[in-house]
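Protein chains in written order, with this note's numbering: chain C, 519 to 852; chain H, 100 to 433.
FYI, nobody ran anything at the bench for these hints, they're computed from the structure. Do not rely on the hints blindly, as some may be mistaken.
Claimed, not checked - Below, simulated SDA-like cross-link-like pairs (lysine to any residue); rule was C-alpha separation at most 20 Å, straight line:
| no. | chain 1 | residue 1 | chain 2 | residue 2 |
| --- | --- | --- | --- | --- |
| 1 | H | Lys278 | C | Lys629 |
| 2 | C | Lys629 | C | Asp662 |
| 3 | H | Lys226 | C | Ser737 |
| 4 | H | Lys278 | C | Glu695 |
| 5 | C | Lys643 | H | Gly318 |
| 6 | H | Lys278 | C | His731 |
| 7 | H | Lys226 | C | His731 |
| 8 | C | Lys643 | C | Glu661 |
| 9 | H | Lys278 | C | Ala691 |
| 10 | C | Lys643 | H | Asn317 |
| 11 | H | Lys226 | C | Asn735 |
| 12 | H | Lys226 | H | Val212 |
| 13 | H | Lys278 | H | Pro331 |
| 14 | C | Lys643 | H | Glu316 |
| 15 | C | Lys643 | H | Thr351 |
| 16 | H | Lys278 | C | Val688 |
| 17 | H | Lys278 | C | Asp694 |
| 18 | H | Lys260 | H | Asp362 |
| 19 | H | Lys278 | H | Glu241 |
| 20 | H | Lys260 | C | Ala691 |
| 21 | C | Lys824 | C | Ala568 |
| 22 | H | Lys260 | C | Thr768 |
| 23 | C | Lys643 | C | Val822 |
| 24 | H | Lys226 | C | Glu734 |
| 25 | H | Lys278 | C | Gly736 |
| 26 | H | Lys278 | C | Arg740 |
| 27 | H | Lys226 | H | Ala245 |
| 28 | H | Lys260 | C | Leu771 |
| 29 | H | Lys260 | H | Pro303 |
| 30 | H | Lys278 | H | Val252 |
| 31 | H | Lys278 | C | Arg692 |
| 32 | C | Lys643 | H | Leu319 |
| 33 | H | Lys260 | C | Gly795 |
| 34 | H | Lys278 | H | Glu326 |
Stated by the list, open to error - Label pairs and their in silico Cβ distance ranges:
| no. | chain 1 | residue 1 | chain 2 | residue 2 | range |
| --- | --- | --- | --- | --- | --- |
| 35 | H | Glu413 | C | Asp744 | 18 to 28 Å |
| 36 | H | Ala195 | C | Arg754 | 28 to 38 Å |
| 37 | C | Ala850 | H | Gly359 | 42 to 52 Å |
| 38 | H | Arg286 | C | Leu848 | 55 to 65 Å |
Each residue gets a CB set at the ideal place from its N, CA and C atoms; glycine is no exception.
So the chains spell out like this:
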Amino acid sequence: MSNSVTRPRIAVTLGDPAGVGGELVAKLLSDPQTAARADLVLISDEAELAVAGADAGVPIDYAAAGADSDGRPRLHHTCARRPGEFERRVATEAGGRWALDNLEIALGLAKAGEVDAILFAPLNKTSLHLAGMQEQDELRWFEDYLEETGFTSELNVLPGLWTARVTSHVSIARVDEGITRDNVTAAAHLLHRVLHESDIAAPRIGVCALNPHAGENGSFGRHELDIIGPAVADLRAEGLDVSGPFPSDTIFLRREEFDGILTMYHDQGQIAMKLLGFDGGVTVAGGLRIPICTPAHGTAFDVVGKGVANTGSIRNAFDLAVRIAGKRALAASS
Amino acid sequence: MSSPLPVIAITMGDGAGIGPEVVVGALADPAVYDRCRPLVVGDARRLRQAADVQGVAVEVVALESVAQARFEPGRVDVVDLGLLPDDLPWGQLSPAAGEAAYQYVRVASELAVSGEVQAICTAPLNKEALHAAGHLYPGHTELLAALTGTEEVSMMLSTPKVKVIHVTTHIGLIDAIAKIEPGLVERTVRRGHEAMRASGIEAPVIGVCGINPHAGENGLFGAGEEEEKIEPALETLRADGIDARGPLPADTAFFLAGRGDYDLIVAMYHDQGHGPVKVLGIEAGVNITVGLPVIRTSVDHGTAFDIAGTGKAEVGSMIEALRQAADLAPVSVG
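Isolated chain H, as found in the complex:
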């Protein structure tokens, strides 16, 4: 019998870091299996070691094919690539672990492209180890984009009440404003719209923030950035039947979204979106990448080599990343 729950590929991340521990730790929570069907891509032996140090009783099962996965609480289904050396120490930079982490992401993206998984949730990789293995990507996002042939992605944050997608992110504020143009705004809104529809909202109502105070107040504040950079995009989108409203004063947009006026808010720059989402209360930080063939969520912490292998790693962020991946994954599959 098919299940309506999405299959989520969980990449184990760098095997020398806390990735294996947060993966088995999160999957020891039976409630995770009520929301999704988790499928780990990683190393079965390492996960067993991690379960021992975390002190959790789960059965780690190396699968011979995805079809063998049973997705039952207490059982961790692993696509076992078996790439890690037997004696890999915890907390030390290892090119072999970097190479393995790369391969987990590669396999997960193949599963996504072939439709076998509906979302990807990534445990942290170590950039230095990744680079030492010859894979010169700044991080997961760029790696996944390259592996799936995706040109541009957007960053989303989600709280139970408000979701926000960003037009620009990690760039200085003044440079960010200079980078914003109608095409980028339009593509970002489309990615957000598609993600909302895929997650089951038939006609998402999207609120698009302005750039200036009070969204420029009809030209009173600012140099007409709203008219130049945002409004042409909104006209195009609306002509295509996308319910994109704005430009909205950012200082009221999130308040309105919080009371249910919008399914998604589009923020023009990093702090415009991150600030309110954090004030509204993210229990554990999760980054969401939108625009890949599937939704991808990630924990907001790194490999934490200093505590890897000690059982001290907190699993809250991974549980939340899985919850958000399940929340945004396409509905009615399987």
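Just chain C, same shape as in the assembly:
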């Protein structure tokens, strides 16, 4: 009974076939702990799994589609279009199409309630655009596909520090249109909820200001006084441990004080997060019915086929998917 709760069903895609995605997944699956923690559904085909195993130097042990899985990862045979062999280390339309198709199958399983989380290996933006992806980013696509209407945000996760954004891939000149009391509150709620689901009992959240020096009492903009400050007060009145707005050039120096930092725009968090380290970083699509997790790094064409791709991020992404999906299943069953 409790077993079904603690073993979430996770759909896994290998990402762009030109990159290191397959190698990362193969290495992840080579750890017996991985299959012990989740029922894994590999959206792939035999050829892709074979290349992945060869890249990693360790074959993937999986159950064929339809066969008894016996606790092993199960192949969910893809219907994605394949041109024969994929070119490696280069962005191509075929690779982008393959990655998108497989992710779409995973989303379909999520929509049908057949999986509790999705883990996808790195995509390549150029490939996706060549393949005709119209949406500004993956999150927008997930949101549309799953017909979500609530507040969503990409969450950037480093060990010990999460960030969420009130606005994301929009023009900086129009960022203030997205900075509303409702949006700040919704983004903070989202960050709080996911931090809680990732096993932090009472998340501490620091909120960034929009303007330099947090507006210096209205001298450099009033968003802090009129919007962000009141939103923080609302959140505190709800009993959440939320503080700010703080000047964004120093809030990351105080990162030990927070479990999560809420930023007002994309670069406000991403500049600091990328300086703090690429190793182990995870991106989570937040605000969807299921957690969708992926390594924060890209396809790393320069190391494809060398067997040296770093698995820190995909391990962390898998771990988060398991924990968040497990918490949600627990909440749903109680």
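For chain C, the structure is supplied; the task is to place chain H on it using the hints.
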């Protein structure tokens, strides 16, 4: 025999504040004299009092001419204007001290214009005292610009690995984006380029940040601000032989600069430059003004009237300001 070390004029700041203490405190560190030839512009008697409260053993020598300066550790060479009253109390607003602080800056800027000093390092002045003395400037930067006939300056920050110059600074984020135009970008890059060359980098590689997330990702994010506001400036600069590259996604530009790809990064707005520099670790805050006849650095603290005259003032920021002034001052002089 001439010395290759730059002569740095150190203005003593407001005599009622901690300026005199941080000046003598910093100059008590013999290592300062390995990097530069410090020349204080201020008040010899006040500096002796400050040395007493700081408990440092230095000989304060009032010079009759700059030529008498010896720049030896343990000796503080002072262009002594003798303007402070004998009984000036510590920690109290004094128009006389404000007037004197103004005169220190005036003399230092004359020394800079005449080429007798290669950089200026300023101890804090008190704005109220400056205004009470009838000099209605918002601060040092504007005062120095007026005294040297400079129309526009830029703010730079420096860490051992990364230097960043700002196109806009103390202005609300949305107003800052509106203010950016190709002319301002071009002039800022030129000031940074000149400063880098003067400090001994023959062909500086300059990375220019974009405005929008991912530098607009070819028009996907934003309203084409990169094409409109930045690219025309870069074309002009490159036609003039300046190696200005970009617009770069800001969230990777600083990472690349940190590993040595760029000598200077150009940030479009305050937090875009300040955030990463602080994450990269400024030991003690120092502001650098670029575009004056000489480089000017300043401590990041104020007059701290509450602790003036107690010997409690920290000298780290002044030592760092001197180090950065020496670092950026023209090489091979004297």
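Under the constraints set out in the numbered hints, which ones does this structure not fulfil? 1, 12, 20, 35 and 36
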